Structure formats: C-alpha cells, structure tokens
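Peer 1: Chains as they are written, first to last, in the numbering used here: chain V, 1 to 244; chain R, 1 to 207; chain Y, 1 to 218.
The reader is advised that the hints may include incorrect statements.
[What the hints assert, rightly or not] A partial selection of chain R residues facing chain V, derived with a Cβ cut-off under 7 angstroms:
# : residue
1 : Val17
2 : Asp203
3 : Val205
4 : Phe206
5 : Leu207
Derived from the structure by calculation, the hints contain no laboratory data.
Nothing here was measured: the structure is a model prediction, and the numbers come from that model.
The C-beta atom is built at its ideal place from N, Cα and C for all residues, glycine as well.
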Amino acid sequence: MSLWQYANPVKFLALSARVQPVLWTLAAVFTSVGLLWGFFGTPDDARQGSTVKIIYLHVPSALMAINAWFMMLVASLIWLIRRHHVSALAAKAAAPVGLVMTLIALVTGAIWGQPMWGTWWAWDPRLTSFLILFLFYLGYIALWQAVEDPDTAADLTSVLCLVGSVFAVLSRYAVQFWNQGLHQGTSIPVATGNRSVADVFFYPLVMAMLGFGLLFLALVVYRTGTEIRLRRTSALQARMNRRA
Amino acid sequence: MAAALEVSNLSVARGGVPVLSDVSFTLAPGEALVLRGPNGAGKTTLLRCIAGLQPALAGRIDGAEDRIAYAAHADGLKAMLTVRENLRFWAQVFGQSDISPALEGYALRDLADRLAGTLSAGQKRRLGLARLLVTGRPIWVLDEPTVSLDAEAVALFGAVLRGHLGAGGAAVMATHIDLGLEARTLDIRAYRAAEDADFGASDAVFL
Amino acid sequence: MTALLLRDLRLALRAGGGFGLGLAFFLIVTMLVPFSVGPEAALLQAIAPGVLWLGALLACLLSLDRLLALDLEDGSLELLLTAPLPLEGALAVKALAHWLTTGLPLVLAAPFLGVMLQLAAPGHLWLLTSLALGTPALSVIGMFGAALTVGIKRGGLLLSLLVLPLYIPTLIFGAEVARRGSAGLDPSTPLLMLAGLTLAVVALMPFAAATVLRIGLR
Numbered sequence: 001m002s003l004w005q006y007a008n009p010v011k012f013l014a015l016s017a018r019v020q021p022v023l024w025t026l027a028a029v030f031t032s033v034g035l036l037w038g039f040f041g042t043p044d045d046a047r048q049g050s051t052v053k054i055i056y057l058h059v060p061s062a063l064m065a066i067n068a069w070f071m072m073l074v075a076s077l078i079w080l081i082r083r084h085h086v087s088a089l090a091a092k093a094a095a096p097v098g099l100v101m102t103l104i105a106l107v108t109g110a111i112w113g114q115p116m117w118g119t120w121w122a123w124d125p126r127l128t129s130f131l132i133l134f135l136f137y138l139g140y141i142a143l144w145q146a147v148e149d150p151d152t153a154a155d156l157t158s159v160l161c162l163v164g165s166v167f168a169v170l171s172r173y174a175v176q177f178w179n180q181g182l183h184q185g186t187s188i189p190v191a192t193g194n195r196s197v198a199d200v201f202f203y204p205l206v207m208a209m210l211g212f213g214l215l216f217l218a219l220v221v222y223r224t225g226t227e228i229r230l231r232r233t234s235a236l237q238a239r240m241n242r243r244a
Numbered sequence: 001m002a003a004a005l006e007v008s009n010l011s012v013a014r015g016g017v018p019v020l021s022d023v024s025f026t027l028a029p030g031e032a033l034v035l036r037g038p039n040g041a042g043k044t045t046l047l048r049c050i051a052g053l054q055p056a057l058a059g060r061i062d063g064a065e066d067r068i069a070y071a072a073h074a075d076g077l078k079a080m081l082t083v084r085e086n087l088r089f090w091a092q093v094f095g096q097s098d099i100s101p102a103l104e105g106y107a108l109r110d111l112a113d114r115l116a117g118t119l120s121a122g123q124k125r126r127l128g129l130a131r132l133l134v135t136g137r138p139i140w141v142l143d144e145p146t147v148s149l150d151a152e153a154v155a156l157f158g159a160v161l162r163g164h165l166g167a168g169g170a171a172v173m174a175t176h177i178d179l180g181l182e183a184r185t186l187d188i189r190a191y192r193a194a195e196d197a198d199f200g201a202s203d204a205v206f207l
Numbered sequence: 001m002t003a004l005l006l007r008d009l010r011l012a013l014r015a016g017g018g019f020g021l022g023l024a025f026f027l028i029v030t031m032l033v034p035f036s037v038g039p040e041a042a043l044l045q046a047i048a049p050g051v052l053w054l055g056a057l058l059a060c061l062l063s064l065d066r067l068l069a070l071d072l073e074d075g076s077l078e079l080l081l082t083a084p085l086p087l088e089g090a091l092a093v094k095a096l097a098h099w100l101t102t103g104l105p106l107v108l109a110a111p112f113l114g115v116m117l118q119l120a121a122p123g124h125l126w127l128l129t130s131l132a133l134g135t136p137a138l139s140v141i142g143m144f145g146a147a148l149t150v151g152i153k154r155g156g157l158l159l160s161l162l163v164l165p166l167y168i169p170t171l172i173f174g175a176e177v178a179r180r181g182s183a184g185l186d187p188s189t190p191l192l193m194l195a196g197l198t199l200a201v202v203a204l205m206p207f208a209a210a211t212v213l214r215i216g217l218r
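Modelling step: build the complete structure from the supplied sequences, incorporating the hints.
Peer 2: Encoded structure:
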C-alpha cells in the first residue's frame, strides 16, 4: 500500500467520495469561524480602524494564490516524471481556483489600499508580482483549453508551469529591483517568528488561513473528480464509436 | 542478408485509440513493401511511427535510427526558394552535397532555377520525391507518394525507386497504384486492433 | 546548421518573407506615441527609453507566429525532426535567424527613433547596448512560445498571452539600463542583470523549446 495507489483515477474517485464531506465541513467551519471571529470578535486597529479587518480575506487568499501555483508546479513535475493522470488533472483543476484567489487578493488589496495609501492601485512590487502571477494563471488555463489532445495538453501545460515558475521568480526579483514598494512586510514571517500582528488579530487570521487552505483542497479534490469523470466519459465514448 | 528494417509486434494509436496491433515484418535490403488497406485503416499512423514521428504503444522498430527518409503529403518545400535551393538545403541538412542525381532522376534540370512556388502540383510532388534522393538514407518511408503525379511522372518515380532498391535501399510505402515493380504487399487490415484492446491506450486507466 | 541559418535568412529577405515588417511596426508605434501623449519635448524625453523598449518588444512579438508556423504548414518541421540535426540546435539556429532579421534591425533603428523622441544624448549608447543585449533573449523566449503553440490553430493570440509575461524580466532590466543611461546614472547593475538573463535564456530555452515541440508534433 502506498500513496501512489491513489494516482489511479478510479481509486482516487473512491477516496475523494469519502474525504470530501469531511473536507467541506472542515473548510466551512474554519472559514466561517475565522471570518466571523475576525470581522466581529476583534477590536478595531488603533491606526487603521475597521479597515484592518479585510486582512482576514486578503492574507489567506494571497497565501493560497501562491500555494496553488506551487501545488500546480509539484503536480506538473509528478505528471512529467511518473505519468499519473490524476496529478495532471489536479494541476488543471487547481488553476482556476488559484486564479480566483489571486483576483480576491488583488481586489481586497485595492479596497484596503484606498483608505491606507490613498490609492486603489500602486506599482508596488508585491502588487505587481500578483498581477504577473494572474497573467501566468491566465496563460496556463488558456493553453489547457487550446490543446485538443488531453495528454498533449497535460505535457505542454506542465512544461509551461515549470518554465513559468522560473520566470515568475525572476519577475519577482526584477520587479523588486525596479521599484521599492509601499506594501508592508510579511505579516507572519515563519522563519524569524517575530510576527507583526498582535495575538488578538493573529488567532482568527490563522483560522481563516486554515479555512482557505481547506477550501482550496476541497475545491481541488472536487474539480479533479469532475475532470476525471470527463476523461472517463470521453474514453468510454471513444470505445463506443469504435464498436459502431 | 541482414534485415534493413525489422518491425516486431508494433502497436500504434491514433488520437489515443489503438488502431493497429502486433504488426510485424522485416525488410531486406533491395526490397519494397506496399501497405494496403482502406482509408482510416492506419497506414499513415504506421508510417509516421516507423519514421519516428510518433511513439508506438508497444513493440520494437529496429534499424530505423538515422536511416529513414520520410515523405508524406506535405513536401517541405519553400515557395520562395528555387528548386535547386530547396534540394541543396535538404542535402546539406542530411550531410550530402550532390543534388544532380535528384535533378536528373525526376527531370527537374530544366526547372532548377524556377521558384518552387511557381511549380504545378505535380512538379512540386516530383521535387518532394527528389528530396528523398539527396538525403542519402537507405530506407524510404513513403505515404501516398504518387498523389498528383501523371502517368509519365509515376514512371519516373518507379524508375528511381527501382534504382534505389537496386543499390541496396529499401522502401515501405502506402499506395494504391501499381508501380511496375516487384513488391511484397502487406494488408494491414489483418492487424486491426481488437475493439476491446486497451493495451497502452492513454485513456485506459480511466475505465 | 549553417544551411538552416542561410535558408531562414534567405527566406526572410525574399519577397513575402516578412522582413522589415517588424521594423515598420516599430516606426509606426514610435510615431504614434507623440500623437497619444502630446508633443512636449520634456515628456517625450522622459518616456523615450521605455517607449522604445516596449516598441521593440512588440515588434519582436509580432513576428513570432511566423517562426515555426510556416515550417509546420509546408511539412519542413516534420522533415527536420527526421533529419540528423539535434532539434535543440535547429531551434537555436532558427531563433538566431529570427534575431538577425528582426531583432538586429530594431536595435540599429532604435537610436534614430530615439532622436525623434528627444532621447537624451548619452541615452543612445545605452539604448543600443541594452537592446543589443536584450533582443536575443526575446527571440529565444519567443521560440519557446512558438514551439508551445505550434499545433494550435489560430494560436497567435495565445502565443502573445503566453510569451508576454515571460518577457517581463527582460523588459524591466533592459528598459532600466536605457532609462538610467539617459538620465546620466550608472546603468551597470541592470546591464549585468540583463546580460546574465540573456545568457541563461539563450543557453536553456532551446532545450525547453525542443521538448515542447516534440510533444506538440507527436
């Protein structure tokens, strides 16, 4: 028994049917508790007032925007190396979710930026990097849709994801070099442990982040299942056509 | 004599669906093999696979590495280059230098300085076939080589092919026309993949 | 290899090869800029390095879909796959031919267009240098994009969508060199970054392009 057995589409479907109720429940609980606690159970910030509360949407979505791409990168590598269809389809399934997360991060950032910085948009390195990430998601999804043969599409998008990752990192540094920004530093630097967020804001934020993570997972499992069923349908159809 | 080309238990797919399975044949130097079968039987797929343009589902192809010259429906000609320039380019790519046998063999000498774009369909086809001669490769893989050729040109092609075989070359081709040469025929309907054959098909894992 | 280079150059130079289209596009874009932002010399001078870099980049992008599509149409691409040339080398050579016929003319034309946009005097040298260093990267990255979209019908727009984000680092460093140079600042840091980027891309992208081309033509 190994983890790889779930790389078989049929086994994956069986597994996902069992874990999905749990995932959805946990995602709903963590997301709603985190957000409700954050919105209604925390005091206003001394300087920022109630606008600070958008952090409970902004930070988790930004986190998942990047992690979704990272997950797609890992899934693409697994597909290229081990040729597991579930992996390729999971990457395909994750892309639109990542795109929406990026969009949420950009929009909430703009809404937050207006009262704080006095502008909806600034060409700040972080903002710009997210915009670039958004473009990469768009290109990735467009390529999946443009290629007819599903295995060829999986191969091409995987290589694009790899090459795109390298260029995304390059762009990140280039953008930093190009303009020092307005955006504050990381709210919760894991490496140093010196977080700049007070405990009272921190715990609901962690809840919301876990919630978004679980939501992402649930969505990807669900969407991967859909993609598998689509492939299954066309595989069956191809065989029916041959018999006819 | 050692086989020029040996295909064993080859299975090929088109669009992810197996079309032929367990195709086996050997080709000795000097021998030609004609593939027969109705449209859609998998002749083109099999030839592309032998030429190394698409992967096989299963089986082996021995002796093909760097010895195949492939010609299909598209001739790989540049309209804005002359006949001579087109041939010289492909000769150089394949590390050859002499293009005169090709010009002679297909009666292209008079057309040598015409732009390929101004040739008729049949003349273009002749140029496309002449390209095979400048590759210096022993095994020709030909997909419907006589399309748009008139009777005279077909005779030219037959003569060139006989010369190629006589010099120890070999050829596999899909054609419906009798070229007036001794060639084995292989009816590929015999290798039609079984309806439930799922070996190696890329989507079998989803069933 | 040489034969391939010569063929591509010859094809580009013959009528219908599209040579000079990129250059004309560059000229037109540059000409449209004063129409859109106004003719004040100070404003034009400030934006000239960036506008010229952007114009060169777009002119380069415009010609990318011819890079492999024509060879695919007439079957040459498949025949090249069966040829004894390594595909990586063939694509690198084709990218070089593209640069010689598209990138290099843009580089040489840029200083003249710079005059039209009131580019400050020291800026010309740095604009020329940065474009000369940066445009080869645009050609090889474009080759990757062209290989990625080769089997796709009407892939031109998709090609732009895929390639433009990949152009961002080159554009940032290249335009920064030109901008700092024309402002009289020291451009050596972005210049080195640009040179490093171009070298890395020229060395690695042909392999990525060959990989996706093999997949796409399967």
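Peer 1: For each hint, tell me whether it holds in the structure or not.
Peer 2: Status of the hints after comparison with the structure:
1. Val17: Holds, because the Cβ-Cβ distance from Val17(R) to chain V comes to roughly 5 angstroms (cut-off 7 angstroms).
2. Asp203: This hint holds: Asp203(R) lies near chain V, its Cβ roughly 4 angstroms from the closest one there, short of 7 angstroms.
3. Val205: Given a least distance of 6 angstroms, the restraint on Val205(R) holds.
4. Phe206: Status holds, d = 4 angstroms.
5. Leu207: Constraint on Leu207(R) satisfied, holds at 6 angstroms.
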